[in-house]
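Engineer: In order, the protein sequences belong to chains A and B.
Take the first sequence: its letters are residues 2 to 114, numbered as in my numbering.
Take the second sequence: its letters are residues 43 to 158, numbered as in my numbering.
Check each hint, because a few of them may be wrong.
Derived Cβ-Cβ restraints for the label pairs, each shown as a range [what the hints assert, rightly or not]:
no. : chain 1 : residue 1 : chain 2 : residue 2 : range
1   : A       : 72        : B       : 100       : 33 to 41 Å
2   : A       : 114       : B       : 125       : 37 to 45 Å
3   : A       : 72        : B       : 88        : 20 to 28 Å
4   : A       : 71        : B       : 49        : 38 to 46 Å
5   : A       : 78        : B       : 125       : 38 to 46 Å
6   : A       : 29        : B       : 104       : 23 to 31 Å
7   : B       : 83        : A       : 62        : 26 to 34 Å
8   : A       : 62        : B       : 51        : 22 to 30 Å
9   : A       : 54        : B       : 109       : 23 to 31 Å
10  : B       : 44        : A       : 68        : 21 to 29 Å
Because the hints were derived from the structure by calculation, they are not lab data.
Owing to the predicted nature of the structure, the values given are computational and were not obtained by experimental measurement.
C-beta: ideal position from N, C-alpha, C; glycine also.
Residues per chain are reported as follows:
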Amino acid sequence: KAGVTQTPRYLIKTRGQQVTLSCSPISGHRSVSWYQQTPGQGLQFLFEYFSETQRNKGNFPGRFSGRQFSNSRSEMNVSTLELGDSALYLCASSLTRGADTQYFGPGTRLTVL
Amino acid sequence: AQTVTQSQPEMSVQEAETVTLSCTYDTSESDYYLFWYKQPPSRQMILVIRQEAYKQQNATENRFSVNFQKAAKSFSLKISDSQLGDAAMYFCAYRRFTGANSKLTFGKGITLSVRP
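All chains, full assembly: derive it from the sequences and hints.
Structural biologist: The following block contains the structure:
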């Protein structure tokens with residue numbers, strides 16, 4: 002069974018631009034969570050989607066948004082990019098919510114210049 | 043709010059030796075899950091081992107085992123017969139058993155190096 006895939010793997014943007022990252026979960030998995038990883042803040046939860054609905058949201062500004070499609074694929078969008086948005090963005094999928102283990106994708110490395 | 047603490051930023055072990063990585067957490071919940079994830083230089087986060095808080099028996103996966111002390115809120119990872127491929131960053135993580143907030147809360151991570 003294929004793992005979690007994320008596209009693109011690397012991205013370079015400039016301040017003020019917007020960006021969209023994509024995540025395809027493991028086949029059959031319906032829950033998708035997003036995390037931001039930076040050297041200073043570590044791994045921080047962004048949001049979780051299940052059945053096309055945002056179920057949880059972390060402490061991030063409204064510039065960070067996401068959505069989930071009927072096939073469970075998810076996208077996250079960051080508008081008006083800031084230098085501090087440079088990070089590794091990780092997507093994780095699980096069968097359902099709650100007790101299930103989350104399996105991570107390889108991440109998208111975003112660099113904001 | 044739940045917190046996860048990994049106080050040792052770096053550790054080193056000789057190949058074939060055993061190493062223990064420490065993790066403590068704070069929660070008021072009685073049911074939860076604890077995880078150890080490995081992140082090698084490729085940055086892919088890989089699940090190493092998972093422990094359910096309601097289970098008294100410590101989880102084991104091949105060379106990896108945990109020492110789960112619920113009362114002390116301690117969750118350490120023991121790696122036996124260390125291999126060069128074990129070199130990576132290791133993250134301890136907490137997740138509530140069920141409920142609305144099922145996010146993973148991570149510690150800061152430990153960088154493990156393996157000496158040949």
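Engineer: Are the hints correct? Go through all of them and say.
Structural biologist: Status of each hint after checking the structure:
Between residue 72 of chain A and residue 100 of chain B the Cβ separation comes to about 39 Å, which falls inside the hinted range of 33 to 41 Å. At about 39 Å, the beta-carbon gap between residue 114 of chain A and residue 125 of chain B stays in the expected band of 37 to 45 Å. For the pair residue 72 of chain A and residue 88 of chain B, the beta carbons lie near 25 Å from each other, so the given range of 20 to 28 Å is met. At roughly 44 Å, the beta-carbon separation of residue 71 of chain A and residue 49 of chain B lies within the given 38 to 46 Å, and the hint holds.
The hinted window of 38 to 46 Å between residue 78 of chain A and residue 125 of chain B holds, with their beta carbons roughly 40 Å apart. Under the hint 23 to 31 Å, the C-beta atoms of residue 29 of chain A and residue 104 of chain B, about 26 Å apart, fit the expected range. Roughly 31 Å separates the CB atoms of residue 83 of chain B and residue 62 of chain A, a value that falls within the hinted 26 to 34 Å. For residue 62 of chain A and residue 51 of chain B, the hinted distance range of 22 to 30 Å is satisfied, since their beta carbons lie about 29 Å from each other.
Between residue 54 of chain A and residue 109 of chain B the beta carbons are some 39 Å apart, a value that contradicts the proposed interval 23 to 31 Å. A beta carbon spacing of about 27 Å between residue 44 of chain B and residue 68 of chain A agrees with the range 21 to 29 Å that was offered as a hint.
Hint compliance for this structure: hint 9 is the single one not met.
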